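Residue numbers (the working numbering), protein chains in the order written: chain V, 1 to 623; chain U, 1001 to 1321.
Bear in mind the hints are in silico, worked out from the structure with no lab data behind them.
There may be inaccurate statements among the hints.
Here are the simulated distance ranges between beta carbons [what the hints assert, rightly or not]:
(1) U/Q1122 x V/L196: 55 to 63 angstroms
(2) V/L453 x U/N1040: 26 to 34 angstroms
(3) U/R1226 x V/L597: 37 to 45 angstroms
Since we're looking at a predicted model, the values are computed, not measured.
Just so you know, even glycine gets a beta-carbon here, dropped at the ideal spot from N, CA and C.
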Amino acid sequence: MNRYPLWKHIIVALALIVGFFYTLPNFFGKDQAVQISPNRATLKVDASTVPRIESILQDAGIEFNNIFADPNGIRVSFASVDRQMLARSALEKALNPDAENPDYVVALNLLSASPAWLTNMGALPMYLGLDLQGGVHFLMQVDMQGAELQRLDSIATELRVMLRDRNIRHSGINRTDKTIVIAFRDDDTRQQASALINREIPDLALTVTEDDLVASLRPEAVADLAKYALQQNINTLDRRVNELGVAEPVIAQQGASRIVVQLPGVQDPARAKDILGRTATLEVRMVEDTPGMLDNALTTGIAPFETELFFERVRDGDEIPILLKRQVVLTGEHLTDARPGFDENGQPAVHLTFNPTGSRIFRDVSRENIGKRMAILLFEKGRGEVVTAPVIKTEIGGGRVQISGRMTSSEASDIALLLRAGSLAAPMEIVEERTVGPSMGAENIKQGYNATLWGFVAIVVFMSVYYMLFGVISSTALAANLLFLVALLSMLQATLTLPGIAAIALTLGMAIDANVLINERIREELRAGLPPYAAIVAGYERAFDTILDANITTFIAGLSLLIFGSGPVRGFAVVLCLGILTSVFSAVMVSRVLVELIYGRRNKLASISIGQIWKPEAAAEKK
Amino acid sequence: MEFFRFKNDIPFMRHALAFNIISVVAFVAAIFFIATRGLNFSMEFTGGTLIEVRYEQAADIGAMRTALASAGYTEFVVQHFGSTEDVLIRLPLKDMAEDDAVSDQNMARQSEAIMSALNISQEQLRRVEFVGGQVSQELAEQGALALLMVTIGILVYLAFRFEWRFGFAAILSNIHDLVIVLGFFAFFQWEFSLSVLAAFLAIMGYSVNEAVIIFDRVRETFRKARGMTTQQVLDHAITRTISRTMITHGSTQMVVLSILFFGGEALRYFALALTLGICFNIYSSMLVASPIVMWLGVSREQFVKPPAPHDPTRSADGACV
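Isolated chain U, as found in the complex (with noise of 0.2 angstroms):
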């Protein structure tokens, strides 16, 4: 079996311009819904108490808000989890504030009030999380540093791998990835947690190696054919990538829809952010660093002024999957 069966190279590049369209516009409005309507960010970086709660039967979420309400909150927010039966109860940091005296301590212990007022029992309970201001903060500041650390680490790898055009234009194409899938969590406000900046880590990670992949056929393909154009190398070096780019994606693919299907509730916005990354990720390594590649001025003369050595590990054909 084989899916891909190309007799004669696909003409992206022709399109070039219509697809950076497409990209430029889905970025900017990811950039707007971003801006507008922010990212949800869930209570490990905000600060605040979460509770979950399983009930033996539907649970009356009315008669909770009153209760909560009642007892003299008014930030709280209450709603469904998953099922009828699951209740998640969250309370940002502020309204605790008010409601107690100012210190930590105090607020450490509302998810007790919280369980009292409501008749919660510890059989019911299914988890509670609380995270002070301090720490939330801090969690925040790793994130932001953790994914300082990943651009620059791929860019440096990049550099030492790349020319520049290639490493520019991959990077690029990388934070398009990034910079639209975020625009979907702002968009649908989906809650943005620690372990959906980690699938935005790994994702980021992951994807650049394709990049890396069509401009090693790039290069190859500048290499040894002589009398194409530039245009002509690229959709040559994507058409015989993307049998590769497709099984080895769509592979990744299914194990993350497995973990969005069977994983619960608690991996659901992990593997969602897993399988845009991955989808966009196709598009872009092929459709949006090629032509920014092409845009650069890629040229044959860039990759053949210095006679490279015979390289034995290089097929004739100076094939590279």
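Chain V extracted, bound-state conformation (with noise of 0.2 angstroms):
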């Protein structure tokens, strides 16, 4: 006879099942896989890709285990990391005959072994955190000042060309600090201008001071460069790493004015870094060729006003100084494409296209300036550097303006890269790193599983021990715990981290609580006179208000870890809350569907296996 109600054993059975499913996947592991993506938004990599793929692979003679096209591109999954990297090579070779223009990003991933039925049910493995599977995490903090500041000097750009396309005269556009100055020589074109201003750029506050006009950013307008930066960052750093060809990267904004950028499973950090770290930015500007004026600021090491001085790369790593204005003329933001190629000397040479705001200033400039030097100038890690510094001997329309001399063609493919991949809206630089070695990783889950089951262990041989029977029902019961904690862990995809694993196990050592509650309980009500059957039940329903307390300290201590902790100990707090939902389920209704399937059918129950029960001396326990 079964006196549990017939729903909560459906509702076990029904956990277990779900339950032993959701963590089949990570039994399975992960196979090593290569993934193929395009390069440019023009190709595809879909189903119709895959017979090219497989005659490469086929042809190089290297076997695979699986091939199959997703959103993302192409996976091929291998049996072992030498056959991957075999297949990275010849794939990077058959699609990629350009290797300075690359067409296709070849990159090497993981991918879940579970066979497809499991996966098409959404059953995937934990995910792993940095620290076990090795891979590099950057903090970016961007420096929204910096935003601020290549806002106003490209809006200076923009009213220079706009105030003269109208004709109106003024006597010096000049950027101090966070305002834009306007120089006029009489009230009348100053009204001109501040009417024209107000209507075409009504990010600008404008102020009148004597005879200038003072233009600011208006707070909104701030704000949004500062959502905007943030964004146009992200979709730079988006497009670095898809070039970097790093499977499955994490970019995603942390708080107003940082990003987080997590590459998992790269070998090379500092590879990585210079990609990422990179803020490289284009400038144009006219070179101060005035005699005497550069050879002056290099005795007195000053530069003249409205100048600063710059270095010109030459062939050999020498550097020669040149002297250029202080105003820009165009920045990158105008940049629609560059391409690494060749000048028609045959020189490496990289090919800039503008947009047509860019194209029109730069028209615009050449015709005013033939004759005279442009410098184009690279900014690197803050610091700029001339490229080149060519004489303009015609106008130069169409948006469509080579760099070339003095560089090498990997250079060359170097700053197109950056150059295309888009400069950053506004300056970063990197706050935090944790870059974690793969065979750390590996050691990382050794010691974790170790350490789980070890205690696990521990914990099983006590019960089994102590509480007869009932010490092994606690203990299979415990194993449903971490049966159930694995796999709402790898249904939510939560990452798992060291700390994790970590949490795992102290979980499992909390969880036992419940089950020693329960059973000293009925012990305690046996010792009473309780007949078995009734001990049983009067154990399970008055251990359970004392389980609630127990484990709800415990949980306001989870959730505020899980509020305020950053990184790995947010992997300890996700684990530590999951394993409080999912130990008392498992202490209370498994452990009771045990018990009930073992002794509930028994008509008459003499005697249960709880190990012994010593009895005080009656005398000593009434009074």
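Quick one: dock chain against chain with the hints and give me the complex.
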């Protein structure tokens, strides 16, 4: 006779089945894989590309396990790392004949090795944190101040063009700190300009001081700019990471001005940091060629008013000084494309294409400055370097410009990549880095696994000896708890970190509390003279309040860690909170169902196996 | 098998004063060490760079120090980490700022400079961590906030669950544990990292419930047994729950020891904090919280005045595990 409600049995059975299937993928583990995705929007990689990939691999004699197309491209899985590496180089060679200008990105990847039906029902292995699978984590701080200054610089350029187009004469437009000061000769033109600016550039707030018009960005515009800068930087990082060939990167906003970049499995953090940390921006400025000024600047060490001293690099690594006007003609934000190539003399070059606004500015400036020198600057890591400073021979229209000279072809493709992948809308700096080598990740998994395993074994042994059959039941419930926890973590694809594994172990240790409470309580009821089955029922019922009590406070701690924790500690908190939920369920319901299955069917229960019940002498107990 | 067989209640409260003196002394000593030695905060809280390297054979620490010193670093720490092949190199933020331009960007690149100064290859590198000044400050602030929130959460819970005397005693014994374990960390200069903080918070949540269970039993005994003095009631409650306390804490401790022995260097202090936390919790829930309740003047009258409605979930003897 079964006195425990049927629906509770069904719930437990269902939970176990679901738990089993969602835990399963973790046992299959992950296969080494290669992911092929297009490097250009015009190219497509889909199911139709599969035969081509297959034939490349067959020609190279590389065996693969599985090949399929998904929205990100094509993935091929392999049995070993060696084959994966061979396959990558074979595919690289076949798909990208021009290594300087790759058509496809061939990235190393991991792929769930579970059977397709499991993957189809959404059962995936747990998502391992970087401390477990190795990789690079960066937290980058976007310099909003810098974004504001850049924006003001480009507005200043826009203003110059605009005022000239409308024939409004001004006597100088300069940015000083966070304002643009426009000087006028008379009140009339100033009012004209003021009206024009208010109409054309609503982002600017204008004030009048003496003869000047002082423009600054409105607070709303600054806020918009910050939002835009962050988004633009994320997009840029996205494209750069794509070109790095990292599979499954995480690039996300954190807080108001930070970006998290996680590159799992990256073997060479230095290169990743190099590409990500590079804030290459392009600027076009005019060269100050007035004779004597450069020498003067060099001897005094001070650049004359409105100019800045830069260095132009030459072939053998030497640098020659060059004096540039402070005024920026054009910035990288007007750039639409940059490709490596060669100029008419066969020298490596970068071909730039500007958008219509950029093209117009470039045309105007080049027309007005024929015979003068124009410098193309590349700003990297906050330091500007003149790539080339050619003499303007004719007006340059159409927005197509080529920078050449004094670069190697690999430099050309690097510069093109950085420019193409977009300049950053605002400077960024790395404020936190965590790099974990792949060997360390594997070791962390092993240590975490061992800690959990031996902790679990110790509990099972102790419980089974101390509480006999009830101990075995408690241990089984604990195993079910572990199953549920792993299944939940897999389902939610929560990031599992090393502290997270520690939390799994800790949860097991705390979860057994509930069963100890129940078993002690049953013993106590037996001691008080209740018949065995009544003692079981009473034990489970009366221990429940205490179990809830025991878990609520730990849950409070887990929640506040979840709210305030970051990084690996957050992983700890997630597991702790989930573990509390699963442990209450498994300790109370699963163990109860097991007890019912063993003892519930018997009509007359004479004794239960819960270890020795020691009774103090009746007299001592009663009064 | 049953470990704990007590015929009579153990007269814990007879020695309450002695235990309280021990606690106060330990507490004051802990505060003294925290104040004088301070906590050895990990790089997460102080900012800086940390590089862990594994060599094929035992590493020559002296040579590494010389190499770093000749590269112009002054305030670095180079030490073995777990074994003689493993080396940990730490640099504070300040030193790096002096050495290079003042931007975080350059500090983030410091790890590469060090790696090249010491000829560390990509294969030997185990991990690099860099935390900038602002981030470390935020981590410290958030850690303090988490601590505050756990304390408030537990206070609210206890206020809702108990009379103020019990709540006060429980939180006091909780703080007692926390400070003493912190005292250990200060005395031995063990590294206090984010995961240690997590362990502290988890143990706070876990341990407060121990006092709750004893107090539940105290309340029951007061309601049920007439003619017992407060001292006897407390002794009875502690004696009756001691089996449960030992076994639940013992099983949690087994797992924690397993983490300590098998979890590797990364989890060492985490497990150590848990171990100490659990040990002191066993002590304090029995011998700190209960005497405080006694001094606060808990008595039978506080529980029996409103005739409690019959609670069908309570057994006849009012026992509650």
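Against the structure, the hints:
no., hint, in the structure
1, U/Q1122 x V/L196: 55 to 63 angstroms, "58 angstroms, holds"
2, V/L453 x U/N1040: 26 to 34 angstroms, "31 angstroms, holds"
3, U/R1226 x V/L597: 37 to 45 angstroms, "44 angstroms, holds"
When each numbered hint is compared with the structure, no violation occurs for any of them.
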